Amino acid sequence: MQHRREYHIVILGAGGVGKSCLTSQFVHNEWIEYYDPTIEDVYRKVIDVDGRSCILEILDTAGTEQFTAMREIYMKAGQGFLLVYSITSLSTLTELSDLRDQILRIKEADSVPLVIVGNKSDLEEDRAVRRDRAIMLSQKWGRVPFYETSARKRQNVDEVFLDLCRQMMRADVGGSGSGGGAGGGGPSEKVAQTPRKKRRFCVIL
Amino acid sequence: MSVTTMLAPSARNSTSSTSSSFVPVSRQNTIGSDGAPRSVRASKRYSVTALYLSMSAQDKDMEIEDELARVQKTLRDLKSRISSQSKKNFVLEKDVRYLDSRIALLIQNRMALEEQNEVASHFDESSELQEGSFPDDRKTQQYGNLFFLLQSEPRHIAALCRLVSMAEIDSLLQTVMFTIYGNQYESREEHLLLTMFQSVLSAQFDTTPEYSSLLRANTPVSRMMTTYTRRGPGQSYLKVVLAKQINNLIELKDLNLEINPLKVYERMVKNVEEDTGTLPANMPRSVSAEEAAENPQVQAIIEPRLTMLMELANTFLSTIIDNINETPYGIRWICKQIRSLTRRKYPDAKDHIICTLIGGFFFLRFLNPAIVTPRSYMLIDNIPSEHPRRTLTLIAKMLQNLANKPSYSKEPYMAKLSPFVTANKNRISKFLNDLCEVGDFYESLEMDNYVALSKKDLELNITLNEVYATHNLLEKHAKELLQGRDTEHLTILLQELGPAPPQVPRKENRAIILPLFSRWESALDDLSAALDITQEDVYFMEAKSIFVQLLRTLPPISAAVRRPLNLQKIADVAATTKDIGTFRKGIRGLELLNQLKDLGVITETDGYQILREEVEQELVHLGSLKEKVSEESLKLDEVYKTIRDHNAYLVSQLETYKSYLHNVRSQSEGKQRGKQQKQHVLGPYKFTHQQLEKEGVIQKSNVPDNRRANIFFTITSPTPGTFVISLHYKGRNRGLLELDLKLDDLLEMQQNNHDELDLEYVQFNVPKVLALLNKRFARKKW
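Those sequence lines, one after another, are chains A and B.
The opening residue of the first sequence carries number 1 in the UniProt record's numbering; numbering runs sequentially from there.
The opening residue of the second sequence carries number 1 in the UniProt record's numbering; numbering runs sequentially from there.
Note that these hints are calculated values from the structure, not bench results.
Because the structure is a prediction, the values reported are computed rather than measured.
Certain hints may be false.
Derived list of chain B stretches under chain A, where covered just means 3 residues or more per stretch with a C-beta under 8 Å from a C-beta of chain A [to be verified]:
id, stretch
1, 221-232
2, 352-365
3, 371-380
4, 387-400
5, 695-706
In this text, a Cβ means the ideal position worked out from N, Cα and C, and glycines have one as well.
Between the sequences and the hints, there should be enough to build the whole structure, so can you do that?
Set out below in structure tokens:
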């Protein structure tokens with residue numbers, strides 16, 4: 001019971017893709033019928049991952065593009081990210097690339113715990129994004145886990161959060177506390193020698 | 001003098017801003033007809049106004065130099081500077097955004113050299129564009145005609161906006177909002193732009209099956225609305241309603257108004273632990289949200305905060321409501337469109353749904369982003385610290401809840417703020433509806449279009465690449481575009497132009513002045529026929545215009561200008577002056593009086609009463625106009641200043657990226673050369689304490705005054721982008737203190753507004769250090 005790890009998850013994605021619905025289903029088991037655009041909401045949930053209990057602090061963010069200036073702060077604080085799009089709109093998928101770029105820049109890492117989520121899978125008749133589009137993206141990013149979910153029907157909701165948790169836990173163990181940087185461990189194209197750390201003082205009197 | 005020549009004002013933006021007396025009939029004054037056929041009378045009234053307006057608009061014969069003319073000129077200059085500056089900012093913002101997205105790859109050294117060069121080229125344009133022209137006249141004519149068509153028939157651009165991708169929209173919007181309709185204070189362009197909005201919005205309503213999903217996603221339409229709110233008028237409005245309160249709030253750095261029980265509990269635990277060193281047994285480190293909410297201590301902390309938050313939000317709301325008349329016309333008009341489109345397309349939509357949609361634009365996309373991130377909206381200078389930031393977010397959330405009225409709170413603790421929603425429900429509905437109460441502009445637009453047509457020298461300041469990019473988009477989406485109705489002209493023009501040229505390199509891009517014209521609509525030779533007015537009206541208006549001008553030119557001490565006015569005498573006096581312009585006016589005035597007398601419009605017996613009264617009225621009006629103009633100038637001065645500040649901010653951001661890029665590139669360059677070429681160390685350079693203090697690099701020093709002369713610093717750069725600063729005391733061999741620095745760390749500090757670089761004995765100022773390093777260690781560039 002003691003020594004629970006606490007993880008910060010940030011949910012990102014375009015407006016109206018169902019970030020809040022996904023979160024609400026996961027945290028409260030509730031489906032939100034009414035549209036209520038988010039500015040910034042925080043939730044907490046304790047879950048059990050492979051026998052280990054951990055606390056998740058989940059930050060649900062604004063998809064409305066006018067609020068993008070807030071993202072940087074979220075990305076700094078987040079350890080794992082759900083990048084959500086809607087399978088009914090292709091542009092919501094393409095928006096994810098910029099988000100990932102920004103996360104990597106802010107985290108100064110090659111990879112961070114991350115899951116691609118294609119929501120609204122119950123709206124098959126309005127599908128505008130084929131599964132393989134998202135799979136391609138996942139490949140391109142180094143086999144980032146990808147799920148299609150339905151917040152309305154509560155399909156795959158727990159799964160995406162669990163997957164993200166496992167990634168964060170692995171990063172926690174592997175990355176010696178530097179935050180992120182686990183994952184695929186790509187070839188040596190990164191500037192490994194420059195872990196650009198803060199200035200150090202050496203007072204020689 | 002024919003009507004046409006009188007109707008040829010020279011400057012392009014002369015319509016409303018230069019006319020001596022014309023108050024735009026549009027704006028709040030217009031009584032909306034909402035699509036109903038307009039009455040003949042109304043039409044005639046506008047026509048006459050159009051005529052009068054164009055007559056007094058510009059008269060090259062005589063330069064009026066009274067005070068009114070001077071303040072008007074100031075205002076006009078200000079407006080055109082704001083227009084062009086906000087365009088520059090838009091372009092800069094785009095560059096910054098682009099670089100923002102590329103820099104990640106650059107840091108990880110994943111960018112091919114070619115692309116690095118492309119990135120670097122974004123810095124080239126900081127200097128002003130050179131002027132130029134098209135290689136041949138035919139192209140100039142073809143493009144001139146194309147852009148005239150695009151400007152005066154907004155439906156083509158509206159259709160294009162719906163077709164382009166999110167990747168294409170930015171460059172299109174730049175051209176549309178800052179070039180084609182770039183004169184933000186000119187009624188015709190503003191109204192054409194709004195017409196385009198209307199058609200885009202209306203199409204969006206048509207294609208959205210249910211109103212619940214309207215205006216939600218990020219689409220070209222939403223980007224369009226954002227871009228619009230960032231033009232001059234939107235910016236100055238935000239400043240009026242938000243700047244003061246936000247600034248007051250961020251002053252209170254330590255005011256913590258967190259009401260999330262979990263967060264409150266956490267902090268409480270932390271405080272107890274810090275104060276006493278231990279935690280009491282009944283205070284576990286982590287609890288569930290429900291437990292935290294039930295904790296009496298937490299409740300006691302939250303209670304007064306709720307009251308305060310509601311008071312704060314109330315102040316914000318009141319200021320917004322009280323300033324309804326400051327809200328830019330265009331923004332209110334968009335609200336109005338949202339309301340009327342909803343009513344039309346979804347007849348069963350309840351009033352509160354309509355309010356929600358209006359709120360979805362006004363609060364969600366316009367006001368709240370500025371409240372939450374005020375720095376990006378130029379409302380404050382620095383990023384607010386943690387507590388005020390949270391407070392601002394909570395206030396925005398409350399306003400959002402109020403506008404959207406969700407039936408329940410996603411975050412349970414927000415429910416405690418529901419008294420705010422209950423208390424202000426009616427107020428907000430009324431406000432959102434009042435916002436929509438503005439007149440339409442269709443009639444005045446028609447009038448403006450008449451006047452524009454008669455202008456001989458309508459022109460557009462545009463860049464080659466803007467022309468080509470627009471042409472390119474038109475070509476790319478031609479198939480869908482030309483399916484629309486009334487697109488024959490566009491079809492012909494695109495055919496004649498042939499394939500769109502590619503973008504030219506930034507260095508070869510030119511600013512050109514494109515004369516606009518239409519081969520299908522010639523300047524109206526007989527405006528009076530087109531405007532549906534009689535010769536009497538024409539004479540009467542011309543006479544009025546001439547007498548007003550004369551009264552403004554004649555010396556105020558002249559007996560002729562004494563009241564009651566004697567028109568005959570005024571014309572006589574003018575006709576005997578030496579000034580050729582005044583003389584001509586005088587003669588013409590006399591002629592007109594006779595003609596009007598002959599036509600029976602005025603009679604000498606009552607001292608030309610009808611005309612005299614109108615002239616007097618006009619002068620009274622001009623008097624108050626002067627005050628209004630001065631007032632507006634003051635306000636816009638403020639706006640201009642803000643925009644310029646923002647420009648400086650953007651430029652400094654670009655500079656930051658520039659050094660960043662330079663640093664990364666020289667690092668990778670160094671690596672490539674690797675062994676063949678030994679890295680050469682730069683420095684050490686020596687700086688005295690006094691010198692650095694003078695330059696402001698040292699912002700604080702703990703070194704006693706009498707020792708300062710003995711302190712000096714050396715800076716070495718062992719590899720590009722890294723520096724070693726050491727502090728020395730005269731006579732000692734080794735430095736007292738050494739500090740390893742990376743350029744990126746400094747840049748990051750600067751970006752985070754972290755100004756101090758602590759060297760124990762002295763404190764450096766980060767931006768000044770950067771400037772010093774850039775100057776002293778500039779290696780050969782790209």
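Going through the hints against the structure:
1. 221-232: The restraint on the stretch 221-232 of chain B holds, since 3 of its residues have a Cβ under 8 Å from chain A and three suffice.
2. 352-365: With 3 residues in contact (Cβ-Cβ under 8 Å with chain A), the coverage given for the stretch 352-365 of chain B holds.
3. 371-380: holds (count 4)
4. 387-400: Result for this restraint: holds, n = 4.
5. 695-706: Contact hint for the stretch 695-706 of chain B vs chain A: violated, 0 residues under 8 Å.
In summary, the one numbered hint that this structure violates is 5.
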